[in-house]
Amino acid sequence: MPDILVVATAPDGKLSRSSLELVAGAHAISGPLGLGVTALLLGTGPGLADAPQVLHHHGVARVLRVDHPLLTAGESDAYLRAIEKAARAERPEIVLVSADTMGRDIAARLAWRLGAALVTECFELAAGDGAVVARRQVYGGRAVATMAVTRRPAVFSIKPRSLDVPAPAPVPGTVEDLAVEMDPGDLPTRVRQVLREQSDVGLEDAQVVVGGGRGMGGPDGFAQLGELASVLGGAVGASRPPADSGWVPLSWQVGQTGKTIRPALYVAVGISGATQHVAGVSGSRVIVAINRDPEAPIFSVAHLGIVADYREIVPPLIAKIKELKGL
Amino acid sequence: MAVQLSDEHRMIQAMVREFATRELLPIAADLDQHSRFPREALKRAAELGLMGMTVPEDYGGAGMEPLAYVVAQEELARACAGFQTIVSVNNSLVCEPILRWGSEAQKQQYLPDLASGRKLGCYCLTEPSAGSDAMSLRTTAVLRDGEWRLSGTKIFVTNGAEADLCLVYARSEPEPGARGLSAYLVEKSFPGASVGKIEKKLGIRCSSTTEIVLDDCRVPEGNLLGERGAGGRIALATLDGGRIGIAAQALGITRACLEASAEYVQQRRQFGRPIGEFQAVRWALADMATRLEAARLLTHRAAAMRGQGLPCTREAAMAKLFASETAMWAAHKAVQLFGGYGYTQDYPVERYFRDAKIAEIYEGTSEIQRLVISRHLPARS
Amino acid sequence: MDVVVCLKQVVDPELPVRDFAVDPGTQRQVREGRPLVISTYDENALEVALQLKDASGAKVKVLTLGPQAAVGDAIRLALAMGADEAIVVDDPRAPELSGAEKARMLAAAIRRIGHADLVLTGCESADWVERVVAPLLAEDLDAACVTFVSRVESGDGAPVVRRLVEDGCHLVEVRLPAVLSVTSDESNRPRLPKVKDIMAAKRKPVHTWSPADLTCSSAGDPGAGVEVRGVVVPERTSRCEFLSGDPAEQVAALAQRLRDQKLL
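Chains as they are written, first to last, in the working numbering: chain W, 1 to 327; chain U, 1 to 381; chain B, 1 to 264.
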């Protein structure tokens, strides 16, 4: 049966969250297009033994597994070779790849090699009249482009955290192991070292995030934001300018190029909201913006706004919240 | 005659604006608060070519014409008037006269260091008893055994504390007034030269203003700038260029007042609405903007004429007079628009107010400018 | 080492919201009357190239696609920052072309330039944000590819690049020729051009080619069969509620709202 091929990865042996998000995308279009769904599971190590079950648990019956020592974190060219080989053998109609670090390296190259159509950075997938309809954010998140693809095969890369992990829908499933021949010498790029940055709170999982922007004026103000985040039980993030200027670690950056977050509460302090930052936070349930400029674009996406200097608002706000919470 | 900025001018303007935004805006209040000399920022300004903007590339400068210089100065002053003062003295009052009157040996010896920021210059004209009446100055210069010996006290010398090279005017000839003066390139390290009192000032506090004391200071014969007795002409011609730089400073301060006021009046709400909606406030901004444009046109015209080698004493004086009075007026207005907050250090307008005042005084007071302009008026209108 | 940096000129992404509009005819942002700037990350790519020039004497060429009249400022700035020469492919259709179509033309232009050890682009363009140009260039030029690079550490042997990832970075050894897409970080903040370099920029060579001068490859066409059905500014379903009063009142009102929404 012609198929949708979902590229699933299991770095460190655990099935990635984004793989399940892709499964949701596949399920959304498989019915209307009359296509089946197959997962291509890539990685190395003991975790690969259990990962297929998770896929079966979420409704994917057929799992192709490639277990190869070169399929380690960040080894994009190894993944590309393996996916290309599997795709040539399987000849799927549609391939779904996560637009994560690796996906950014390989999705377009895979499309080229397979002679496929390509739409990248999608946040939504749907199907209608035989076409796959994908939506993506453009112009720094100010507009949404709707793309329709009728050509096959077609490759789509999906932004992490745009789709929800699907509800469990267990099906009896199969696992086929696919052998892929690869030597280190075949790869034009090789990861020499993986450097992890220390970061305490998972920004992407926090329910409350307080973000600081260029309006903070320097690194010192972020201490106040840290305190505010703390009393609210959340984490601190930043837009691009503070990260670029070295005021905060890069891992704090939120936005189209940094992390996409969807907390219940996002407080944007001294953030103009003019660029791709908004694209990374617009899924938040409640957005509060504090900015001196009443024309700042952040106010067009915020639910609550205060036009003021953050130095006049944040300290009393911290005190007020402590008072209300009895801290 | 409207003055067009070329593509290069606009790129220079954009670059200096970006430099000022990145390097000066974050530190301006602190520099003023602590009267701190902005050594690091000056180094970066020098790397970009801002310390010898009009010095030809052969001598290590940026080879800019006066109009580009003025555009750059406005951007610096908008962020920090004190910083711009330091830069402008080095450019207009030290590099320029060396360029115009220096021997080839003097140019080779001093310009590359001044333009690259390795050395800083200062201008020593004013004395305790010779301010507006500068040509009556009394510092003496005597030629003895192949050396000049200079004695006297100079005051109100910008960059006095940090400068390596001083352009000093002294009386070397028996004639009274301008014709008795000569100009000398005095290195701070020459025996007999020292820094005296350091002034505590109302504004432009990050630039030092000091006495320079010359006590039988020994200056090599080769350090006479221009001819004996030409000092008066050199001083006055140099001030023509300096005036255009001060006008540019005043433009920067005025623009800072306008931008700060325009932002503030949108945020500040009284009587249920932003005060920017009240007519009196809107009119104040309209006046500020109009006067800024007028001052800019005068300044750019003077700079363009100077760039073409045309005499522009009258135009430079008009630009300096109008721009400096506009800056003071605008700063005064800005503090008023900010109300009580404008009087505190939480907002920058009180600093603009304190900085603006000097523009009406140095490099020729407004009164002197009016004298100069009146001398250039046609006998019949 | 020969480095080519691909630059794109876009409508200033920092434009106030009220000046942003989409032309329904072209399905693209209205450019008329809006200021154009070098696409954000392309400047970082140029900075990385210039750092290679400073460190090891690499020759840096900048390449851009666009209507000749529109790209002058970007090219001049790039030359003023230190690029050695510029190539402009004068194509009036450029603003409407997809990333795939552009990549094809850029690859053809790079082949015509001759030799490039490294091709650098921004990690994404500030406007259309597809992130496809670098990988497609790599395929078209049969080169290696790493995206989201912040720095190139070149020493003896194959260069090592620093690729930024969600929680840190990878050091990746790359075989040349390679295409790298560059993202911003502290180490690659675009330098300010010196005054003398701004003046000297007009003496540096700028070559203008027309699309007809290029031989585009016919392989792979990821853009074909992809139709742009619409580009819309989403309706804002909620209006921002501004909390007024003095800071104490604003803080009290905000705290109350957060409590009401069970966010405290």
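Since the hints were derived computationally from the structure, they do not count as laboratory data.
Some hints here could point you the wrong way.
No more than 25 Å apart at the CA atoms, straight line, and that leaves these computed lysine-lysine pairs for DSS-like [said to hold, decoys possible]:
| id | chain 1 | residue 1 | chain 2 | residue 2 |
| --- | --- | --- | --- | --- |
| 1 | W | Lys325 | B | Lys204 |
| 2 | W | Lys322 | B | Lys53 |
| 3 | B | Lys204 | B | Lys53 |
| 4 | W | Lys320 | B | Lys204 |
| 5 | B | Lys53 | U | Lys43 |
| 6 | U | Lys107 | U | Lys197 |
Pulled from the structure, derived: some chain W residues nowhere near chain B, Cβ distances all over 12 Å [unchecked claim]:
| id | residue |
| --- | --- |
| 7 | Gly13 |
| 8 | Thr44 |
| 9 | His57 |
| 10 | His68 |
| 11 | Lys85 |
| 12 | Gly140 |
| 13 | Gly141 |
| 14 | Ala145 |
| 15 | Asp164 |
| 16 | Pro170 |
| 17 | Pro172 |
| 18 | Gly218 |
| 19 | His303 |
| 20 | Glu323 |
Yeah, the Cβ is synthetic: ideal placement off N, Cα and C, and Gly gets one too.
Hint check results:
1. W/Lys325 to B/Lys204: violated (65 Å)
2. W/Lys322 to B/Lys53: At roughly 54 Å apart (the allowed maximum being 25 Å), B/Lys53 and W/Lys322 break the hint.
3. B/Lys204 to B/Lys53: holds (16 Å)
4. W/Lys320 to B/Lys204: Violated, at about 61 Å.
5. B/Lys53 to U/Lys43: holds (23 Å)
6. U/Lys107 to U/Lys197: violated (30 Å)
7. Gly13: Given that every Cβ of chain B is farther than 12 Å from that of W/Gly13, nearest at about 17 Å, it holds.
8. Thr44: holds (16 Å)
9. His57: holds (25 Å)
10. His68: holds (18 Å)
11. Lys85: holds (16 Å)
12. Gly140: Violated, since 5 Å does not exceed 12 Å.
13. Gly141: The assertion about W/Gly141 is violated, with a minimum of 9 Å to chain B.
14. Ala145: About 5 Å separates W/Ala145 from the closest Cβ of chain B, which leaves it inside 12 Å; violated.
15. Asp164: holds (19 Å)
16. Pro170: holds (30 Å)
17. Pro172: holds (35 Å)
18. Gly218: For W/Gly218, whose nearest Cβ neighbour in chain B is about 14 Å away, the distance exceeds 12 Å, so it holds.
19. His303: Violated: least Cβ distance 6 Å, not greater than 12 Å.
20. Glu323: Violated, since 8 Å does not exceed 12 Å.
Consistency note: the structure conflicts with the earlier hints numbered 1, 2, 4, 6, 12, 13, 14, 19 and 20.
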